[in-house]
Amino acid sequence: MELLVLFILILCNGLFALAEIAVIAARPARLQERAYRGERAALDVLKLQEKPDRFLSTIQVGITLIGTLTGALGGATFAEQLTLRLREIPFLEPYAQALGLGIVVVVLTYFSIVLGELAPKRLGLTYPEPVAMRLSGLMWVLSKAAAPLVSLLSVSSNAVIKLLGIRSETEQPVTDEEIRLLMLQGAEAGVFAEMESEMVDGVLRMGDQRSRTVMTPRHEIVWLDLQAPLEENLVKVRESGYSRFPVCDGALDDVLGMIYAKDLLAYVLTGQPLDLTQGLRQPLYVPETIPALEMLEQFRRSQVHVALVLDEYGGVEGIITFRDLLESLMGQIASAGDTVGPSAVSRTDGSWLLDGNYPVDKLEDALGSFELPDRDRIGYETVAGLILALCDHIPRRGERVQWQGWQFEVVDMDGLRIDQVLVSPAAGVEVRAATE
1 MELLVLFILI
11 LCNGLFALAE
21 IAVIAARPAR
31 LQERAYRGER
41 AALDVLKLQE
51 KPDRFLSTIQ
61 VGITLIGTLT
71 GALGGATFAE
81 QLTLRLREIP
91 FLEPYAQALG
101 LGIVVVVLTY
111 FSIVLGELAP
121 KRLGLTYPEP
131 VAMRLSGLMW
141 VLSKAAAPLV
151 SLLSVSSNAV
161 IKLLGIRSET
171 EQPVTDEEIR
181 LLMLQGAEAG
191 VFAEMESEMV
201 DGVLRMGDQR
211 SRTVMTPRHE
221 IVWLDLQAPL
231 EENLVKVRES
241 GYSRFPVCDG
251 ALDDVLGMIY
261 AKDLLAYVLT
271 GQPLDLTQGL
281 RQPLYVPETI
291 PALEMLEQFR
301 RSQVHVALVL
311 DEYGGVEGII
321 TFRDLLESLM
331 GQIASAGDTV
341 GPSAVSRTDG
351 SWLLDGNYPV
361 DKLEDALGSF
371 ELPDRDRIGY
381 ETVAGLILAL
391 CDHIPRRGER
401 VQWQGWQFEV
411 VDMDGLRIDQ
421 VLVSPAAGVE
431 VRAATE
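For the record, in the sequence shown the residue sitting at position 233 is 233 according to the working numbering, with numbers rising by one throughout.
Treat each hint with caution, since some may be false.
To be verified - Restraint-style ranges between C-beta atoms, simulated for each label pair:
| id | residue 1 | residue 2 | range |
| --- | --- | --- | --- |
| 1 | 304 | 126 | 15 to 23 Å |
| 2 | 250 | 281 | 15 to 23 Å |
| 3 | 126 | 203 | 47 to 55 Å |
| 4 | 188 | 293 | 26 to 34 Å |
| 5 | 375 | 253 | 26 to 34 Å |
| 6 | 110 | 179 | 38 to 46 Å |
| 7 | 281 | 208 | 42 to 50 Å |
| 8 | 179 | 274 | 34 to 42 Å |
| 9 | 51 | 198 | 36 to 44 Å |
| 10 | 291 | 29 | 25 to 33 Å |
| 11 | 85 | 126 | 17 to 25 Å |
| 12 | 51 | 303 | 46 to 54 Å |
| 13 | 415 | 28 | 54 to 62 Å |
| 14 | 184 | 311 | 35 to 43 Å |
What the hints contain is simulated information worked out from the structure, not anything from laboratory work.
Every value quoted in this text rests on a predicted model; they were computed, and no experiment measured them.
Note that beta-carbon positions come from the ideal geometry of N, C-alpha and C, so glycine has one too.
Based on the sequences and whatever the hints tell you, model everything.
Have a look at this one:
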């Protein structure tokens, strides 16, 4: 009879452990979905999750009470009976009491851990929502029954916390890194496609970006000049491969509007004389500090998908299109005749060959543990800006500088512009070759 009671106590301990881990591990999103379908048990689990202190205190009271009863029953009954049996063996008689108690403790501990903890918790982790929903009714009844004792314990524990000078922290919000980790784990488990994980990472990255990080910089803008011969402007249109062009009057900062290549083609096909001032469309004008996500929202509201980025003096700093924002989310979108964007080539020796206008945010991801120098103060966005921050002057071709275990070598210059940079591990630093 005592053995049956002991077995039931261990199973009850397992039931509490099962309920505890299942309710904690159950995902609120899945429970809400089931609650919307009319499953009341899912709503009960959500209520238990809303007040975890009361629920966990009930579980702890039950587990502690069962543990006390199990120990008392085992020590008073089985240890005593085993001691009497061991005393019948002459050479064990001096150690019978200690040996009997030790054997009972080991056996009870083994079954309590396996049947009362490990197996139930593994079951709860494997099927959290179904298990939590099946046990939610029982847990509600036990919570109500143990409410006075739980309240006393809560008041006592809060008093101890205050005496220790510890402030109760509110729940921390989910961080970007936690979301990235969940997406990575989901991709590895096959729940998400790799492309989905990359797109979520792009959305999170865009939340921290300014428009200047995704724009085409001023020196790369192809613009049409009303003061230049028409043939010269048409050569620009034909050779650039772009579909939209700022039309300016003598200087890039004097923008009259945007003209589309399809409009020029319409003039040619209909035999009309080309006039760059006809059919001009007004772009959006945005400051260089505007967040990329807000830029995306402006494109959506205005139905205008091209914007000129202005600096603090009103000069044109760059041009940004809807496609630029889309590529920051999904990566390079290449079509026939497109020029390849800023590249980063990973080499087998652990080094990287980078274009000067390669984004430093992506460089941080490529190099791993890497802190950018003076970025908040200077505000650079590209590898070329990083080199200028490290050198504090316009570098020459072949010039090298080291930072945080990496050597940066200027491989090529285009006039005063840094065109290519070789980033390699500094001497004595071992870095495993990365893959793009």
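Structure-based check of all given hints:
1. For the pair residue 304 and residue 126, the supplied restraint of 15 to 23 Å is violated, since their beta-carbon distance comes to about 52 Å.
2. The supplied range of 15 to 23 Å is met by residue 250 and residue 281, whose beta-carbon atoms lie about 20 Å from each other.
3. Hint check: residue 126 to residue 203, Cβ distance near 31 Å, so the stated range 47 to 55 Å is violated.
4. Range check, residue 188 to residue 293: Cβ separation about 28 Å, and the 26 to 34 Å hint holds.
5. Checked against the hint of 26 to 34 Å, the pair residue 375 and residue 253 passes, with Cβ atoms roughly 27 Å apart.
6. Between residue 110 and residue 179 the Cβ separation comes to about 41 Å, which falls inside the hinted range of 38 to 46 Å.
7. One distance hint, 42 to 50 Å for the beta-carbon pair residue 281 and residue 208, is violated here, with the actual separation near 31 Å.
8. Separation of residue 179 from residue 274 is about 51 Å and departs from the stated range, judged on CB atoms against 34 to 42 Å.
9. Checked against the hint of 36 to 44 Å, the C-beta distance between residue 51 and residue 198 comes to roughly 38 Å, which is consistent with it.
10. A hinted range of 25 to 33 Å for the beta carbons of residue 291 and residue 29 is consistent with their spacing of about 28 Å.
11. Distance hint check: the CB atoms of residue 85 and residue 126 are about 41 Å apart, inconsistent with the given range 17 to 25 Å.
12. Between residue 51 and residue 303 the C-beta distance comes to about 48 Å, which sits within the given range of 46 to 54 Å.
13. In this structure the supplied range 54 to 62 Å holds for residue 415 paired with residue 28, their Cβ-Cβ distance being about 57 Å.
14. Taken as a hint, the range 35 to 43 Å holds for the pair residue 184 and residue 311, whose Cβ atoms sit roughly 38 Å apart.
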